[in-house]
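Chains as they are written, first to last, in full-length UniProt numbering: chain A, 1 to 418; chain B, 1 to 282; chain C, 1 to 523.
Source of the hints: derived by calculation from the structure; they are not laboratory data.
Just so you know, nobody snuck in bad clues.
Only part of the chain A face toward chain C is listed, based on derived beta-carbon distances under 8 Å:
id : residue
1  : 106
2  : 114
3  : 115
4  : 320
5  : 380
6  : 392
By construction, the Cβ of each residue, glycine as well, lies at the ideal position given by its N, Cα and C atoms.
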Amino acid sequence: MRIRTAGVIAASMLCLAGVAACGDKKDDKAAGSNPSAAAASGELVIWADDKRSAALKPFADKFGQENGVTVKIQAISKDQQTAFLTASQQGSGPDVMVGAHDWIGNLVQNGAIDPVQLSDAQKSGIQAGAIKAITFNGQTYGVPYATENLGLIRNTELAPTAPATIEDLVATGKKLKAEKKASEILCLQSGQNGDAYHSYPLYASAGGYLFGTTASGDYDAKDLGVGKPGSIAAFEKLRALGEKGDGALKRSITGDNSIATFTGKKCAFLVSGPWATADVKKAGIKYDISPIPGFKGGKEATPFLGVQTFYVASKGKNKALAQEFVTNYVTTPDLAVALYNAEPRPPALTAALEQVKGQDPDLAKWADAGKNAIPLPAIPAMAAIWEPFGKAEAAVIGGAEAKTTVEAAAKTISSSIK
Amino acid sequence: MIRWMKQVGWRHLVAILAVLFSLGPIVFVLSAALNPLGTLSSSTLIPSGASADNFTRLLQDTNFPSWFLNSVAIAGLASLISLFLSALAAFAFSRRRFKGRRTGLLSLLLIQMFPQFLAVVALFLIFSKITDLWPAIGFNTWWGMILLYLGGALGVNTWLMKGFFDTVPKELDESATVDGASHTGIFFRILLPLVSPILAVSGLLSFIGTINEFLLANLFLTDGGSKTLAVGLYGLVQGSERNTNFGIFCAGTLLTAIPTVGVFMYLQRYIVEGLSAGAVKG
Amino acid sequence: MTTQLEGPATRALPAPEETTPERSTTTAGLLVKIVLLGLLVATAVWAAFPLASGEHWVGLGILLATTAGLLYLYITPRHIPAKYLVPGTIFLIIFQIFPVLYTASTAFTNFGDGHRGTKAEAVTAIQTASVTRVPGSTEYQLKIVTEGDPATGALAFLITDPKSGQVSIGDADGLKPADGNPPAGWTVLNAGQASARSKEITDFAVPTAAGAIRSAGLSRAYEGKAVRAFDPATDSITDTTSGKVWKADDDEGAFIAADGERLAQGWKVDVGFANFTRVLTDETISKDFLRTLIWDFIFAIASTGGTFVLGMFCAIALQSNRMRFKGFYRVAMVLPYAMPSFAMLLVWRDMFNTDFGLINNVLGIHVDWLGSAFSAQIAVLLVQLWLGYPYMFLVTTGALQAIPGELTDATKVDGAGPFQAFRAVKLPLLLVALSPLLISSFAFNFNNFNAIYLTTEGGPFPADNPSNGATDLLITYTYRLAFGGSGAQYGFAAAISIFIFLIVAVVSVVSFRRTRAQEEVYS
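In isolation and in its complexed conformation, chain A is listed as follows (with noise of 0.2 Å):
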């Protein structure tokens, strides 16, 4: 039993001799290239979601030839923003960030992204409302290379010319219903709990807002506006236009099936952003995009601005190859032209969105319909609105009373902005 035990013994040490040798050999070989080294000396990391990152990767390739650097583009496939965040606080995570640009509250109080230094040369290269966006505490945070936001999309063969007002809307919509031509009269999407991005514009036309303004033109978090009488008089309005009311608006019509709905033809109006385009041509549909109408004698129906922002940030191993690539690359037109290729935004740079204007007729009529849009709040505080607002709107479209409801979301929204 001894002698067997010491058998075990030397064979495992021979086993680990040979193969400490073998790894030795290995470790040498990776001393040489030196791999902590090497990710020091000249590597970028980039990370997006899926669809950005394959449009970025010929560019990042070239950036990095041209450079001598090598420039790493990651996916991120959900909660791109926790993530970055988590990751950066290890350490592990990217030198560039691409995003919404409502982030920039959050990544800001997490310490998470750096300002960014624009030549005026370059600020007014960009579209004045994409520069407010990712203004954020007087800091310019990133540079925008992509506006979105809603419009109206109708079908010209349904509905030939674009509504004046929200009535108008509603009164071709029932008429092509009773003419058996559409099964909807509008498709917005809300789903059992709403949507607040996409009912904004209703609720500002009828004289609702979400946050006061500060002398110095950010939001102001204390001067919250849902529940205020504005507030109940605009969900009194989704109310009428709801399940019990007009019929407009409908919890059934959700976010997977209300541009699908439009290319179906049951529909002739649809409220979405310039990423509906692709279906609705692809389904061979007539169509033109004009401004969301507001109601008749209300305001008018502003949607929230959406900017597509490259951060730098503040983690990252490599900032000053970030702040190049950020500040000075990400910012010449080409870059913007490549992404709109990818996907159809509206490029921010002025000098993009007049190279592919001529491609393209719509980008003008989204510039249109968001000529007066305002930037989607980047407050922290922000993230306390979206859900009970939108569950109140869902509660009204099915007819709850409006006063009651609004109330409540304003006691929810509050008690959670601290």
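Mind docking chains B and C on chain A? Use the hints.
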């Protein structure tokens, strides 16, 4: 006829009803995958047009083949190894009596109850360290993911197997011991062959669990080439793009089921053959 | 009939492990053992090098101790149970137990958005965020230069005023005119070389009268000024333009001004039991807690029970040698489990749509499934049944196969009908084998976040209460509270999880105790 109904017919009836229930939603997915406009709103089971467009786009425009390979490799290896680790532990829990046995079993159960999406932050911390030290088993690697999934090797499957080890009579071990078999001999030569149905079932369950895992894979596999099916597919239906890609997504969902069904077909004979009556008598 | 299962009432193997040496180990077995141990040591050596070169002595110590422990364990003939338990346990400790303990510890902190890092990180973030361009200042073209080796030499900024063409060179002492672009003796760093020294360049500042010249990337420089500064002496941040002061509050983990305004960038601090007391005292939580808890129990029990009954029923139905097409039936029944569950949850949600959903269209009805509390609850349970019964089907199929055939044969001889035979013989055995699984399935469903979040998101919600819906489980409900506000509150979420964990654990432990009696019968 009545006799047939009583003995076999009702079985077919149950099976057919269950199959209809099972396949209904899947046919819906199939119809969306064949529908060239690929949207979810089609309220019928028959697609408005049939084309393989979505499948070709899936293969051409996305990294689907590499997702597929990654998934099969990670899920295959991880479930094999974890099956083995799990069987080892189940053997100890079933055949050995030692201090802390029941506490150990109970802790295995309790530890599974902690919601994993909270633990993600801590796992990320661990993996950042691992990647710094040993990039070969860090982020974006097969082995990193496999190691991570092995953390769950002792868990529900250990319980399952322990339960079945318990049903194998101890006389078998005893007579083998008398014949001069060691504990490893008993484990590998006597117990494992006897519980092969449950090994097959556990292996399949763990394969399915791993291949569908999304939460951790999304965070730990960021390189386009290293993603798994679950992560890649989810990326297709993100946000406002959900509509646009739904057909491709459905096509991908259907193809994802192929490796699982393959594994199931392969394992089926073990599951079905079961325990031969003679073996029990020892 | 059941004698072979009961066996003698021995609690240990006849050969006590401590005294008997391993017997009849074959040469092949020995060889396998040697190779495996050799691999173990080799892996340890492989892992040790980076630890040693990174001077992680504690890590190296743990590695050595673990390896030595493993070698001892597998060479000594003792500790047989440990030999079987340790391999899985190592992974369990690293990837499950440690993360859980770490998470639990965050319950005592304010960890969350705005409080993720350290105080030093918060200070850096505040200062960096306050660097603004000096109004009206020049923007320069930049080259990064050195007089020495590009990898190590002292850096300087070579800047050109685009208007005047004036070239200057700047370092920590300030700007001076340069003769030449670049001046003789200076090397310009290319992008690769420069990015190797990224941190130095980012931190580099050439002092000027109005502030300092800093880099904006590698090719441009601007004159900027940090408006906010941290003073360690008073432990506060001062705004140099407005003169406003924010004092550090180490209980809150934030800089707070006299008027109550706090800076967004905070840091992680210990808050003791504050998160726990908040769970207990928060009005929104206590108000709907009981209702949600009851539904959560119904959901978990009905999901587990429903899938088990249906799965078992199907398994029994397919348990016949005379039946044809069994292979097809099995594959078709397993398919729902083979599809990615998140995808199928989304599909089901759309199938329940009032106007466009498959279910209403096929049945020709107009039910607002997810719009009313009761039907939404039925709907999520139906989805659970669909998703989960293949699992139970597989498990019971395997279990039925493992039950010796003689048992059923024996009952047939006794003249019992198939149903009685099943109830008397197979069901008890099945329950013994599967009850742990049923407990764990209950626990899983109790916290089945995806099942609710991807279908109803907890809804429908009463119009006057957007924070608690009819299908909300405790986990979805409380996570809305922790993550639905302005930023994620991980500390609070961890505290909630601990409470939920305690509830599930108590239920499981109680049920587990009841399985003991059953287990003893067979061991």
